[in-house]
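Undergrad: Residues per chain are reported as follows:
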Amino acid sequence: MNTFDSIIIGAGPAGLKAADTLANFNRKVLLIDTDAKIGGKLNLWDRLFPDFSSSQELLNQLSKNINNENVTLKLNTNIISIKNNDNHWMATDSNGNTFYATTMIIATGFDVFDAHRKEEYGYGIYKNVITSVDLEKILSGEVSIETPSKVAFIQCVGSRDEKVGNNFCSKNCCICAVKQTIELKEKFPLTDIYCFYMDLRMFGQSYEELYRRSQQDYGVNFVRGRVSEISPTMDNKVVLKAEDTLLSRPLKLTADLVVLMVGMEASKGTKILGNQLNINNTDGFVKSTDRYLSDSETTLKGLFVTGTSKRQMSIPETMNDAVNAAVIVNNFLNTL
Amino acid sequence: MDKKNLILKKLDEDVRFHEALSACMNCGICTAICPAAEFYKYDPRAICNIVQMGNVDEIEDLLKSDTIWYCGQCMSCKTRCPRGNTPGMLITVLRKVSQELGYFTESEKGRQQFAIEQIVGKNIVNFGYCVHPDIVEPFMHPEQGPVWKWFRKNIESVAPRFGAVYHQEKAGALRKVDDNSIDEIRRIFEVSGGNELFDTIEKFSEQKASEYHQNADHDYLMKVYTDNSGEHSK
Amino acid sequence: MHKRYWNNYQKEIAEDHYFYARSCIRQTFFSGSETAFLKMMTDELGKDIFDDSRQHTCTGIGYHSDIIPLETISTVIARLFSLMTEMGYENFVPSCITSFGILTEITELWHHRPDLLEKTRELLYKATKREFNVPKNIAHPCDIIYKFREDLKKNMKYQLVNKDTGEPLKIVEHIGCHYAKAFPDRGVGGAEFPHVLVGMIESWGGSVIDYPERRHCCGFGFRNYLVQANRGYSLSNSNKKLESMAPYEPDFIVANCPGCTMFLDRWQYTVAEMEGITYDKHGHGIPVLTYEEMAGLLLGYNPWELGLQIHQIQCEPLLDKIGIAYSPEDKYKDAYGKQLFPPQKPNNLIV
Amino acid sequence: MISFGFSLNTSRTIDIDADNFDKCHSLINHVPSYKRCIGCGGCAATCSAQQHSQFNILKCNLLFRRGEYDTLSNELDKCMLCGKCLLVCPRNVNTRAMIISMRNLLKTK
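Residue numbers (my numbering), protein chains in the order written: chain A, 55 to 390; chain B, 52 to 285; chain C, 68 to 418; chain D, 969 to 1077.
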C-alpha cells in the first residue's frame, strides 16, 4: 500500500508550494497532476503582473524546491474519486490505481473561462478575436502577427455576468489587461489601444501605479462601458459596439485585434471533487470552513484546500495560501 | 396618498417592474446596441439608474419627459444584460404610470399616445386587428409608395389573387372578423382595463387640447401626429 | 469550424396538427405569403393546420405602443387559445413575430405566476364564458418550415443559385427582434446566431452574409413608425442596416418577421426618393422577401400569386438570376384576368 | 419632391474610426497630465461654473478625448478658470491648463 502523509491534488503554483513546505517539515508528500508537466495555469502566462517577472523562472524555482526525497511526483494522473476510510484518505485515478494518505490537499485550481460561450463576441468565429491567454503567445514571440493599427481589450469576459452563470469578479483580469497593454505597446509602439471596462479594480500593491503608467507612459485609452457585440467587416476586421457611459453616448470602434480578458472559473477537477465530497459553493469553488480563521480546512477531517480551487487569487496570494495550508496540515499531523 | 408615494406604489404594483430591473451595474451594454440611443438623446442605462436611485422628483421628471417615449421596444437590451434586466420592459411600466397619472401630455412624444389610441386602439375594437389595409391611408403614409397606393385602389379585385378574402366573413387573410368575435373582444376590453386606459388617454388629451383652445379631435390628432421640435437627438 | 454556432440550440417544434393565427401586418402587406404557407403545409407536407374564421389580433402592436394593458393583452390571447382549445388543437402557430414574442412572454409569465394565469381565466370567463388550455407548443411558421426544409426541398423546382454562374446566391437573413432576443432558447439557434433562416438558405443552395449590423433591428419601433413625426427613427435604423449590408452586394434579403420585410422594402423606396440613395449598383434596390415567398418561389409558385408585385422593390432581376419562369404581362392583372393600369413609377428608384 | 413629413436623423454614436484626434494629440503635448485622467468626476462635482450653468468639465474633457469638438467651444467659455478642480483631482491633472489649451486648440483650424 502506498502511504503518504499527504496527497496534494494539483501541481500548479499552490500544489508545488504546499509540497515544498511540507517536504521541509519532513513530511512524505505525493503530488499528483493530470497534465504531463508541472506548473498548471502558470504555463499559460509569459510574464507576470505587476513586475513583468518571468513565469518560467518562477516555475523553475518552484520545481527545484520539490526535487527532493520527500516529494513523489505523479504526472498524467487523473484523480476521479476521493474517499475517506477509517481516518485515511484514498484517491483513485482513472486507471484504477488508488493512493493512500493521512491527509489530502485539494489544489485543483481554476479553469480559464471558455470564451466561446460569449457568442456575441465571436471567439472561434472571427480570427482576430483572441483571449488574454492567446495574447501571451504573441507577447512571448511564440506566435507572430503583423503590426495591428488598433487593438481593443474587453474586460469581464465570463465574469460579473449572470448570462454565463458567473456573478463573481475574477479580480486578476483588470491588472492583467494593464500589463498586457503595456507589453503590446512595447512590441508595437504605434498601435492604438482601447481598453473597455466597467470598473478597474487595482487591488494589489503597485497595481494602481501600473495603470497610471499605462496611461501616462504608453497612452493606453480606457473607455468605461461594456462591449455589447463584435461583428465582422468587409476587410476582415471587427467592429465593437459599446456605450461611453461617462458621455452617455453609444460608441463604435473598428479593430484589427480584440483581446477578451477571460475570467477564472472553478476548474473541472475542482468542481468534480467538490461535488463528490459536497464541499463546494454554488459557484463551483471549494468552500473552506471559515475564510477568516480556518481558511485551509474543509468540513471533512484531514481534507484541506488551497489556492484558486477556493476562489480567485493572484500568484503571490496563492503562494502564501499554500504555505499556510502546509503549516496547518503539518500541525494536524502533529496532533495524531 | 401623496403624489410621490403614488408613483412608487404604481411602479411596485406592476409585476413587470420587478422582472425588468434589479441591481443595474451601469455597464452600458444596453445602450451600446440600442436603436433609439443612436438617433435620439436617449440612454436606457441612465434611465435604469434614475429609477433604481429612487429619487421620486427625478422619476416624476422622467415620467413627464420625452425620454421614456423614445424606446422602440425591440428588446435587444434584454439579450445582452449581464444582470438579466430588461430596460425595454422598464420603459413599458414607466409609460403605463405616465399615462395613468396624466403626465404623458406634458411632452411632445407623450402626447402622441392620443394618435396611437385613436388609430391602433380603434382598429382593434372595430376591425379586430391592429393594422388593416383600410386604415393604412396613403396620405398618412407617403412612405408606403406608389405600389401600396395601387394595391389599395384595386384591393377588391387584386387581393383574391393572393388568396385573401377581403371583407368577407370566412377564414382567410383580410376577412371581416365576425360580429360575435368583435363583441367578445370589446367585452374583454371592458373587464380587463383596456377601455379604462383608452378613456384615461382621451381624458388627459382632452385637457391638454383645451390648453391649445382645441378639442381632442381630428385637428389635435394631426397636431400630435406631426409635431416635431427637431430637438430630440441633440 | 466557421459559424459553428448557427445551429447550436434546437427548440421543440410540433410535428403536426397546428392552429394558425394570422398576423396583422403579414395579412395586410403579404397575404400571399400566408396563403402560400398554408398551401405548403397541406399540399407539400400533408400536415393538418387549421385557420379559424373567428380569430383576431393578439393586440401586440398596441401593447408595445403602450395603449393596451398587460391584463387586456393576456385575456385577448386567452381568447385565441380558447378557439384553439375548442377546435381540439394544442400547437399554436402565430404568423407574426411580435405575436410569437408576446405569447412566449405571457405563457412564461403564467408559468412563473400561476395566480396571473388564474386571473386571466377569470377575466376571459367573465367577458366571454370561454375557457382555454395553454398551448403545448408555440412555434412560428418559420420554425416549421425550417423543421421540414429537407422535405420541402424534394418538391422544389429551383435552388438559391445564380443560374448563369452556378454560384450560391448571397443572401442577407434578417430575424425579427421578438423572435429570440428576449428568450434566446425559444428560437432555433438562439439570439446571436439564429439558424432558422440560415438553415433554409443553406439547405436550398444559398449562402449567408454575416455583416456588421446583422443583429440590428429593422427600425420599426412601434410608436416610432405609427406616428409620422417619429418615422425618422425607423428610417434611420433601416438605413443603418442597409448601408452596412450594401458593400456585400446581397442578391436579396429574407426576413421572418412581416414588419421587417415591409419596412426594409418601403424604407429603400423612401431613402431613394428622399436622398437619391439606392443600396445596389443598378438603382433597383435589394429585393426583400418573406421566407414563405422564398420557399414558394423555389417550389415554383406563381410570383404574382405570392404577391411579389406589391413589394415596392421589384423582384424580376432576382427571378431572372435564379431562372424562375414568370409571365410579365400577368403582373398587373387582377384576380379575374383584367389588365389594370400599373402603379406610378417612383422618381429615383428604378422599377 | 415628395414630402414625407420626416427625415433621416443624425447619428449620436461616437465613431472612433473617424480618427479625429489631431487636436487631442496636441493637447497631450501641451498638457501631458491630461493622459492620466481616470474619469472619476471629482472635477465636475466641485466645479463653480456647474453651480449655475449646464457646464460639465468631465464631459468636455471626454468629448475632446474622443475627437468630438463640434459643440465644445461654447461650452468651454462657461469655465471661469477658478481652478477648484485642480485641488480635488486625484491624478493631479492640470485641469486649468487643459481648459486653456482646449480653447486655444479649438480656435486653430
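These are computed hints drawn from the structure, not numbers from a lab.
Glycine included, C-beta positions come from ideal geometry on N, C-alpha and C.
You may find that some hints are simply not true.
Restraint ranges, calculated between C-beta atoms of paired labels, are given here [claimed, not checked]:
#1 His349(C) - Gly105(B): 39 to 47 Å
#2 Ser260(A) - Lys1052(D): 24 to 32 Å
#3 His349(C) - Glu196(A): 45 to 53 Å
Undergrad: Mind checking the hinted window 45 to 53 Å against the Cβ distance between His349(C) and Glu196(A)?
TA: 50 Å, holds
Undergrad: For the pair His349(C) and Gly105(B), does the Cβ-Cβ distance stay inside 39 to 47 Å?
TA: 57 Å, violated
Undergrad: Can the suggested window of 24 to 32 Å be confirmed for the beta-carbon pair Ser260(A) and Lys1052(D)?
TA: 31 Å, holds
In this structure, the one hint that does not hold is number 1.
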